[in-house]
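**Student:** So you can see what is in the structure, the chains are spelled out below.
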Amino acid sequence: MQKLVPSSLSRRDLLAASTASLTGAVLAQAEDASPEETAHADAGTAMRPPIRAQVSFTVNDRPRELDLDTRTTLLDALREHLHLTGTKKGCDHGQCGACTVLVGGVRINSCLTLAVMHQGDAIITIEGLGTPENMHRMQTAFVKHDGYQCGYCTPGQICSAVAVIGEIEAGIPSHVTPDLTGTPELVAEEIRERMSGNICRCGAYSNIVDAITEVAGSRA
Amino acid sequence: MKFDRPATQNPIDRLKVVGQPLDRIDGPLKTTGTAPYAYEHHDVVADAAYGWTIGAGIAIGRITRMDLAEAERAPGVIAIVTADNAGLLGKGDHNTVRLLGGPDVQHYHQAVALVIAESFEQARAAAGLVKIDYAAEPGVFDLTAAKGSAIAPEPNELTGPVDTRIGDFAAAFAEAPVTLDATYTTPDHSHAMMEPHATLAAWEGDRLTVWTSNQMIAWATADLAKTLGIAPENVRVVSPFIGGGFGGKLFLRADVLLAALGARAARRPVKVALQRPLIANNTTHRPATIQRIRIGARRDGTITAIGHESWSGDQPGGGLETAVSQTRLLYAGANRMTAMRLAELHLPEGNAMRAPGEAPGMMALEIAMDEVAEKLEIDPVEFRIINDTSVDPENPERPFSARALAECLRQGAERFGWNRRDPRPGRTRDGRWLIGMGVAAAFRNNLLITSGARVRLDGTGQVTVETDMTDIGTGSYTIIAQTAAEMMGVPVERVTVRLGDSDFPVSAGSGGQFGANNSTAGVYAACVKLREEIARRLGFNSEAAEFENGEVRSGNRAMPIAAAAAEGDIVAEDKIEYGDLSERYQQSTFGGHFVEVGVDIATGEARIRRMLAVCAAGRILNPKSARSQVIGAMTMGAGAALMEELAVDTRRGFFVNHDLAGYEVPVHADIPHQDVIFVDETDPMSSPMKAKGVGELGICGVAAAVANAVYNATGVRVRDYPITLDKYLDRLPDVA
Amino acid sequence: MTPFTYERAGSPAEAAAAAARTPGARFIAGGTNLLDLMKLQIETPAHLIDVNGLALDTIEATKDGGLRIGALVRNTALAADRRVRRDYALLSRALLAGASGQLRNKATTAGNLLQRTRCPYFYDTVQPCNKRRPGSGCAAIGGVSRQLAIIGTSEACIATHPSDMAVALRALDASVETVQADGAPRRIPLAEFHRLPGDTPHIETVLEPGELITAVRLPKPVGGRHIYRKVRDRASYAFALVSIGAILHEDGSGQVALGGVAHKPWRVEAAEAELPRGAKAAAEQILAGARPSRDNAFKITLVERTLAAVLAEARG
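Residue numbers (this note's numbering), protein chains in the order written: chain E, 3 to 222; chain P, 55 to 790; chain R, 456 to 771.
Hints may be right or wrong, so weigh each one.
DSS-like mimics (lysine-lysine), calculated; alpha carbons at most 30 Å apart, straight line [unchecked claim]: (1) K583/P to K56/P; (2) K781/P to K518/R; (3) K280/P to K146/E; (4) K201/P to K781/P; (5) K56/P to K145/P; (6) K675/R to K518/R; (7) K185/P to K675/R; (8) K583/P to K70/P; (9) K678/P to K146/E; (10) K56/P to K70/P; (11) K678/P to K70/P; (12) K429/P to K70/P.
Derived from the structure by calculation, the hints contain no laboratory data.
Take the sequences, apply the hints, and build the full model.
**Tutor:** Next comes the structure, spelled out in structure tokens:
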């Protein structure tokens, strides 16, 4: 079996690696690193064969069982393994929101979570909200209000929008809620703040807020 | 079809479909996640391997050693492409810098290797095992420092003359009773489109197909063939959906080349998406500018002298940011000069971003106009109207084809409540907020470019349009369907539009706000041919035949158009080509931007409260999607005003904030409800569609309107974008 | 991201023991920062211990009238908790000013405390960074440093701690409960939890090897006006240029902590005596000894002005 960590590390260092501070690989490089050299992982660890794990969850109410490299994010499991490409990869680092999906009814960035951490979860993606022939009313409202342009952030916006209405109805406050002890209202300012984790570079924000407001209003 | 005389009455003027605010026909696909983007073609290519791009770790210098041994042995690795093993590569006509670097490195994060593996995870991990040593060389990374060494480059079609002189600017400026001489700076900007540059490449023998994300299919096809040294007819480029471009996907980029090389090396299809942290430095950006503007005016507000100089930088062999271009056309004034200078920098390649030239140029010019208006004690709306012109100020023989600048400004002022603005800065408060209003003109030229299309009628009466035109969010699918429906007299549901494929006729493509007018004019031309053939087959005189309700009609006789294709599909292909109307008439689009901001009196945070744009851009083909183009451009302009800046490390030569956390673009909370008004206008000089571009007009001027509003709120004039609080905090009123 | 084995832990003690036993192990809960850094190979754990199954996701009242917040309570749940909103509004406000709705839904209380700096040179793995690669140097010093620290810095590092929540917890005199590798519990005042960079910027907290955070403890409510003011270029989904977490009482006394200025939430208790004398006096003491760069010198003015606004809001 290949060694898992460099031999130069002391036991204390190995243990420290399990806290927030540093990793074995990083420390090992310190001795011979030159600033001009591309950072690279410790060969011993990186040369390990992929470690696979089984995970089962439902996606859009359909049970799925996957045998995955543990490194696979939920986003890549959806796009590359289940071919559910409606969920988009915009940044892969939690900076744009294009990968937003609903897990157990809660919106999250699917790029910053491992697929294997979702054993037993119920996942809803844009494909589960509606189809071109049978659209969710949020999807219909986005078309009506032209709440998109290039379409790439759109599935994430729509998943987020559906969840935002639920979050407001559940009384979860936001940064702009005037009174923390009160109940947040379904108003444009609240929608804008709560949707701010979904970047739209085409700049469809004003229309997106109109679409969400229409759907929220029809529920009230 | 040659368009060389002003358009007269034609079937588009019926406006039964064209001009209507139809929902986008691709909306149901985009909103359900079923529109396929470049990385998502699992249905056509089942077994793609995954590529991971390695970017150079220095700005300029050489790779002295590249050790691939460990990476090649890593689990799942199929091949590694580097300049060493890629074979002889050319360079595309539209690229300044090579797309695959090594051993020479021309800029930070220039691609130097592609690691291909069975899985994404394996490719990424193996890339971490590639060891590269560099010998860095000193480079020039600071525009301000390099300004003195900037030269006047050879002019070309894109730049126009680098120096212009009309009358005697120096004398008129010296004599003017009211003058402004101020210097403004705009930073490097990143397109930051949401879909990363991505390509899936597959070879079949000598033939290469790439599914990619590109605005200009014909450019990509030619440049890919040239770079690989293969025949263009052996290259097919497919790009039906594009997750944003803004100029960043005008050109062949590293993802396409690397995927093609990777697929050749791996002997199987390979897909590559540039990792987000690479994009800002690996691809192109809008170059920073330093702009000096001098304006001299009489006390009555008449401009007598106007001068605009701009300095920008680029890689060796690169080009100018043409920030002075609008100043040659926007305002009257007998004595004028412009100059552009280019410094050699070793930052990543500068190139077009939404409204190149005018976007940064208007950021400066329209602050300058505000400053002069204040010195004259003339309302800034009026000051602009006083200096309106109906002719090209450099060539009074040459009128504008249409110019509704004054109307845009007047209507905007009325709608925005401009008369409520206190011209004295720093006087309006709303709680903790200092309130200000700002105005700016909007200006962007209209460009005419040959554009082709193919139209097919089948026996069911379905009309199919094929063109290599792209839809980057602009609404091309929809306006092309509207055009064909109007021309053929069928409902829009009876039109199928197929875009973004090099197998289709070459179109104008998407850029420079030229896509909508030219591509629909090309469809118009093909439809004229199809109408003629249908009329001929059904025995109508094509001159007299009317196409309506799925029928051809003349006098009392009517036949369903489908009957013409009963024996087989009818196909017509044509392109629109332009005569000298754009030389005889200056064709431009105009607008007025109105913005209200609040500036926190303590922290200096600036937040936009209201935005209005009034636009005159010829016939608006679809008011719904056109409005979206304008609000989107206003949003990008808001970013340019208040936050966007690629921060340059001038020691190490790269853009430091190279991801979407570091390079801040506006989020929902930054953008209020936006209003857009289109002035009723048709421009018969532009094309049979009588339309002009609008997608870039919306960004031109808006940042200056924000800047002027911040000044009106605070009384502090900031001439360096973005207008962030650190630049004026110490000049705000005392709050302690 | 290098290959790693993965296990789900059943109890805190089991998790701590597994961490002690397994070389290169890391705990993962929300994952929103750890996975981000693993993708860049800034973090390269050989083993992940998923602690999401541990029953550490409740907020309970303590005997002394405070709250005990489980390590795995998500940021959204913590901000929305009725007791927190009523008695520790500062904490709710700080949480809601951070990240995005999606990230707050996943991010945990413990993970938020342990998140690493957003210094762009730390994130760019080619650049020298003493925090990422000890001894390699600091590219941020003399580089683009508008966002970076102005106080408590060292020759080795000028990174900031990015958390909003931690700023509130510092002002609230919170403490951190842990279980150590040998199973022994420990309580660490938040004031002592994060370290200044010194010459070991890669060591960011006082956690011992294998030690697992189990809860954060809040003392009983102290009343007063709770204000969290975060200053940033864009209106949401951005890290702070400067933030101020304050609890202010009618007599003019109060507790004030700063974010965006240092390697840890910055609080100078001695300076709080100056609060009744106004923002300028207090800010001067809080930031005494600050060593800003040319890029971030504005933060000194910004802290003073923002504190003035916070004090005015508390009075008003």
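**Student:** Each hint: holds or not?
**Tutor:** Hints, verified against the model:
no., hint, result
1, K583/P to K56/P, "holds, 13 Å"
2, K781/P to K518/R, "violated, 50 Å"
3, K280/P to K146/E, "violated, 43 Å"
4, K201/P to K781/P, "holds, 22 Å"
5, K56/P to K145/P, "violated, 33 Å"
6, K675/R to K518/R, "holds, 9 Å"
7, K185/P to K675/R, "violated, 55 Å"
8, K583/P to K70/P, "holds, 21 Å"
9, K678/P to K146/E, "holds, 9 Å"
10, K56/P to K70/P, "holds, 25 Å"
11, K678/P to K70/P, "holds, 15 Å"
12, K429/P to K70/P, "violated, 50 Å"
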